[in-house]
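Engineer: Keeping the supplied structure of chain A fixed, place chains B and C upon it in accordance with the hints.
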Amino acid sequence: MKDNLFKALLFTAAVSVLLLTAGIIYALVGSASEAFGEYGFFGFITNSEWDPRSATEEYGAFSFVVGTLFTASFALLICLLFSLPVALFTGEYFKGTKISSLVGSVVNLLAGIPSIVYGLWGFYTIRPLVVDMGINSQGFGIFTASLVLAIMIIPYASSLSGEFLSMVPDKLKEGAYSMGATRIEVIQHISLPVAGSGIVAAYILALGRALGETMAVTMLIGNTNHLPKGLADTGNTMASIIANQFGEADGLKLSALIAIGLLLFIITAIINFIAKLVMKHLSRV
Amino acid sequence: MMEKKQTSIRYRNSKNKLVFILVCSLSFLSMLPLFLILWEVISRGYKNFNLQLFTEVTPSSMDAMLSRINGESIPGGILNGITGTLLIVGVAILLTIPLGLLIGIYLSENPQKKFARLASYLTDLLQGMPSIVIGIIAYAWVVKPLGGYSALAGSVALTIMMLPMVVRSTEETLKMLPRSYKEAGLALGSSYRNVVFKILLPSGFGGIFTGILLAVSRVMGETAPLMLTALGATVVNWNLMEPTSAIPLLIWDFYNDPNLVDLIWSTSLLLLIVIFLLNWLAKIVARKWKI
Amino acid sequence: MEDINYNGNKPILQLKSVSVAYSPDRKAVNEVSADIYPNTITAIMGPSGCGKSTLLRAINRMHDLYPSVKTTGEILLKGKNVLQMNPIEVRRMAGMVFQQPNPFPTMSIYDNVLAGYSLNGIRLNKQEKDRIVEQSLVSVALWDEVKDVMTKRGSFLSGGQQQRLCIARTLALKPELLLMDEPTSALDPISTNKIEELLLNLKSKYTILIVTHNMSQAARISDNSMFMYLGDLIEYGNTRHMFTKPRNKKTEEYLTGVFG
Numbered sequence: 001m002k003d004n005l006f007k008a009l010l011f012t013a014a015v016s017v018l019l020l021t022a023g024i025i026y027a028l029v030g031s032a033s034e035a036f037g038e039y040g041f042f043g044f045i046t047n048s049e050w051d052p053r054s055a056t057e058e059y060g061a062f063s064f065v066v067g068t069l070f071t072a073s074f075a076l077l078i079c080l081l082f083s084l085p086v087a088l089f090t091g092e093y094f095k096g097t098k099i100s101s102l103v104g105s106v107v108n109l110l111a112g113i114p115s116i117v118y119g120l121w122g123f124y125t126i127r128p129l130v131v132d133m134g135i136n137s138q139g140f141g142i143f144t145a146s147l148v149l150a151i152m153i154i155p156y157a158s159s160l161s162g163e164f165l166s167m168v169p170d171k172l173k174e175g176a177y178s179m180g181a182t183r184i185e186v187i188q189h190i191s192l193p194v195a196g197s198g199i200v201a202a203y204i205l206a207l208g209r210a211l212g213e214t215m216a217v218t219m220l221i222g223n224t225n226h227l228p229k230g231l232a233d234t235g236n237t238m239a240s241i242i243a244n245q246f247g248e249a250d251g252l253k254l255s256a257l258i259a260i261g262l263l264l265f266i267i268t269a270i271i272n273f274i275a276k277l278v279m280k281h282l283s284r285v
Numbered sequence: 001m002m003e004k005k006q007t008s009i010r011y012r013n014s015k016n017k018l019v020f021i022l023v024c025s026l027s028f029l030s031m032l033p034l035f036l037i038l039w040e041v042i043s044r045g046y047k048n049f050n051l052q053l054f055t056e057v058t059p060s061s062m063d064a065m066l067s068r069i070n071g072e073s074i075p076g077g078i079l080n081g082i083t084g085t086l087l088i089v090g091v092a093i094l095l096t097i098p099l100g101l102l103i104g105i106y107l108s109e110n111p112q113k114k115f116a117r118l119a120s121y122l123t124d125l126l127q128g129m130p131s132i133v134i135g136i137i138a139y140a141w142v143v144k145p146l147g148g149y150s151a152l153a154g155s156v157a158l159t160i161m162m163l164p165m166v167v168r169s170t171e172e173t174l175k176m177l178p179r180s181y182k183e184a185g186l187a188l189g190s191s192y193r194n195v196v197f198k199i200l201l202p203s204g205f206g207g208i209f210t211g212i213l214l215a216v217s218r219v220m221g222e223t224a225p226l227m228l229t230a231l232g233a234t235v236v237n238w239n240l241m242e243p244t245s246a247i248p249l250l251i252w253d254f255y256n257d258p259n260l261v262d263l264i265w266s267t268s269l270l271l272l273i274v275i276f277l278l279n280w281l282a283k284i285v286a287r288k289w290k291i
Numbered sequence: 001m002e003d004i005n006y007n008g009n010k011p012i013l014q015l016k017s018v019s020v021a022y023s024p025d026r027k028a029v030n031e032v033s034a035d036i037y038p039n040t041i042t043a044i045m046g047p048s049g050c051g052k053s054t055l056l057r058a059i060n061r062m063h064d065l066y067p068s069v070k071t072t073g074e075i076l077l078k079g080k081n082v083l084q085m086n087p088i089e090v091r092r093m094a095g096m097v098f099q100q101p102n103p104f105p106t107m108s109i110y111d112n113v114l115a116g117y118s119l120n121g122i123r124l125n126k127q128e129k130d131r132i133v134e135q136s137l138v139s140v141a142l143w144d145e146v147k148d149v150m151t152k153r154g155s156f157l158s159g160g161q162q163q164r165l166c167i168a169r170t171l172a173l174k175p176e177l178l179l180m181d182e183p184t185s186a187l188d189p190i191s192t193n194k195i196e197e198l199l200l201n202l203k204s205k206y207t208i209l210i211v212t213h214n215m216s217q218a219a220r221i222s223d224n225s226m227f228m229y230l231g232d233l234i235e236y237g238n239t240r241h242m243f244t245k246p247r248n249k250k251t252e253e254y255l256t257g258v259f260g
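Protein chains in written order, with our numbering: chain A, 1 to 285; chain B, 1 to 291; chain C, 1 to 260.
The set of hints was computed from the structure by calculation and includes no laboratory data.
Glycine is no exception: its CB is placed at the ideal position from the N, C-alpha and C atoms.
Some clues are possibly wrong.
To list a few chain C residues with every Cβ distance to chain B over 10 angstroms, as calculated [claimed, not checked]:
| no. | residue |
| --- | --- |
| 1 | 9 |
| 2 | 31 |
| 3 | 34 |
| 4 | 67 |
| 5 | 69 |
| 6 | 73 |
| 7 | 79 |
| 8 | 120 |
| 9 | 121 |
| 10 | 123 |
| 11 | 126 |
| 12 | 144 |
| 13 | 201 |
| 14 | 203 |
| 15 | 257 |
Covered stretches of chain A (chain C as the covering partner; in silico rule of three or more C-beta atoms under 8 angstroms from a C-beta of chain C) [said to hold, decoys possible]:
| no. | stretch |
| --- | --- |
| 16 | 169-180 |
| 17 | 188-201 |
Same shape as in the complex, but just chain A:
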């Protein structure tokens, strides 16, 4: 008797996940509907104008969608340059050794540092460097934000891809060595292809992180509401425009910001879904 009650309680708890998701979608869609009603879904996404002055009020998300994709993909590119070596270091060259777990845990500590502290460090340490490099006069912009963002996502990319690399069976590697391959040739022809989809999934997940990262980007990107023209330019991401303008927003502007939040939610959900599909592909090989 009591057991049935308990099982019902467990089931109810699981149902709450459904309700939570439904509530989230309802809240986002409900609050975003004013902006979408005003401009239309595609009209809102493709308009790069963001003008909060009441006389000429007009809101479009395009600049921020571009800013987000631009910042996140450049960050991913820089991240690749460092996280792949870390993954090879921990999952291949020094697999199973003390130095491997040491390097792994130190890099993983990067994931523990809050976004806002990255923002401070970026502001006080990286930004002056960017000025010295002559990339732009204030040091704010896509380049600075991407650089710090890249460091923030290194642990997410490296720990997962390192794990997939370490799971490549020794018998395959030995087979390749026995035919005269060098270590890098084994990595190139065996380890990377075998762990391939897992590594790709790791980077897609890292991209998902980068897309939604808020504080550090907000503090470094320069917060301008136009379409960024290049790496040195300032801009805004979807997350940073929300963080920056939500406080003083109401009416149509608030709805437009929430609509951007909804878009961000959809984009990250799709990215994470793709990562999951890729990972499923791995388990079948």
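Structural biologist: Structure of chains B and C alone, referenced to chain A:
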């Protein structure tokens, strides 16, 4: 013999070595930012890291400016942030644990059910949600209906963040327990509820507790969702319905107010210490209570 | 050891006081000396842990992959000391087949046969590739079974087919010596039979060294046999003689099943 285009062994060996050196140096370079950040926070934060930080509330911008002009060290501390973080995170933990455990138990016990798979998929969806979006949701759910910013809204936001992490760690820990634990309990005539509470949960305690600690350390430094929900306050507040500050919110305030900037590093130092302590504790728990 | 089958040839491989140590105080192979003759099959037998696989893996320097393992002595392959050669050259001269079939799962059957070439950075044109693939697969009697599914992954084949693919992959590089580390222990009897037949056919072109814990397999296919025990080479000689009249008491006990 046929003619083969072949790279020389010397070339291949040097390429091999070069890549190895590259991998090592780039790996060590990847660790550098951690030390640079720690160095910056510690070297600039230790000066104001004193008792006053824990006993006094944030000074007003004016007071801070006056003492700066007089060449005194900055007055005040971050007591309002510390109590705020305790309140907001504490309530979030209370909301998360029961729900997270129950969902985790359900998912681990019914892995083949279609409904469980849906719930599991949605948990992944929630886990991947950017924190700023979670802020918007708590704003729409709590701030708007209640007509104002509140600690409760902040707790709701952090709960949405922590829940998927706790569910996942509970589910995964319980799935790793041998089936015989459960079967032995049921064979002794124990009720299902007792098997769960007296056998499964205690055996999986280490993994579950580690998961909770890591979830808490993840949300401890969250700023964006709190900006949209708890807003901040300059006084110590224990009322769930009132705007409340938190340690990361204060860092954001100090960053935006040049007069208060002296407090920024000691506050960041405190935040990093708390987060790394929680991480370290999680590691210890995981090692001690290994299944 | 005067009864060794050698067809009047000079040895192709000479082991001179070969020792392998996993750590300074733990020797897995102890001062083994033996001559291996071309176009013979030599079986290395012994109870598990006797060092037979360790000895085999010393010959193509697989121990180099694990820095703590030390190999000493001399291993002369066609007169050149393997331990002083470049491991890449050694491994191409001495092909190895492993206990577990290990075709590369991300490569097609066709690419698996050519893996030795791509791994070694040797570029071939399409005709050469086709010829090598066909030749190698024909020589392991796999051609007819797979010629229509060349683009499928190697892991798609049955265990026995996979192992023959791995042998083909090794033969494609035209090695002087084939080192086989219990190549049939993971296979069913029918596949085992096929591989044994294959080895007897390959003997005319290659020299084969095969580690086996299966005494009847050694009796069926090998010309000469080594018996190892606790890292020592106890006896080496003509297989038929060894199985009928072992000289050493330990060998006799092993062959009659007193231990094993």
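Engineer: All hints are to be evaluated individually against the structure, with a verdict given for each.
Structural biologist: Hint check:
1. Every CB of chain B lies more than 10 angstroms from the CB of residue 9 (chain C), the least distance being 23 angstroms, so the non-interface label holds.
2. Once the 10 angstroms rule is applied to beta carbons, residue 31 (chain C) is consistent with being away from chain B; the minimum gap is 31 angstroms.
3. With a least CB separation of 29 angstroms from chain B, residue 34 (chain C) remains clear of the 10 angstroms interface cut-off, as annotated.
4. Its beta-carbon lying about 13 angstroms from the closest one in chain B, residue 67 (chain C) satisfies the requirement of being farther than 10 angstroms from that chain.
5. Residue-level check passed: residue 69 (chain C) sits 20 angstroms from the nearest beta carbon of chain B, beyond 10 angstroms.
6. At roughly 24 angstroms from the closest C-beta of chain B, the C-beta of residue 73 (chain C) stays outside 10 angstroms, upholding its exclusion from the interface.
7. Listed as a non-interface residue, residue 79 (chain C) keeps its Cβ farther than 10 angstroms from every Cβ of chain B; the least gap is roughly 20 angstroms.
8. For residue 120 (chain C), the shortest C-beta to C-beta distance to chain B comes to about 7 angstroms, within the 10 angstroms cut-off, and the non-interface label is violated.
9. Against chain B, the non-interface label of residue 121 (chain C) is violated: not every CB pair exceeds 10 angstroms, the least being about 4 angstroms.
10. At the 10 angstroms boundary, the C-beta of residue 123 (chain C) falls inside the reach of chain B, the nearest C-beta of that chain being 4 angstroms off.
11. Every Cβ of chain B is farther than 10 angstroms from the Cβ of residue 126 (chain C); the closest lies at roughly 13 angstroms, confirming the non-interface assignment.
12. Look at residue 144 (chain C): its CB is around 25 angstroms from the nearest CB on chain B, clear of 10 angstroms, so calling it non-interface holds up.
13. The Cβ of residue 201 (chain C) sits about 24 angstroms from the closest Cβ of chain B, beyond the 10 angstroms cut-off, so the non-interface label holds.
14. With a least beta-carbon separation of about 23 angstroms from chain B, residue 203 (chain C) lies farther than 10 angstroms from that chain, consistent with its non-interface assignment.
15. The Cβ of residue 257 (chain C) lies farther than 10 angstroms from every Cβ of chain B, with a closest approach of about 38 angstroms, so its non-interface assignment holds.
16. With a cut-off of 8 angstroms between beta carbons, the stretch 169-180 of chain A has 10 residues touching chain C; three or more are needed, and the interface restraint holds.
17. Figure legend: the stretch 188-201 of chain A, annotated as covered by chain C; annotation consistent (5 residues with Cβ-Cβ distances under 8 angstroms, at least 3 required).
In this structure, the hints that do not hold are numbers 8, 9, 10, in rising order.
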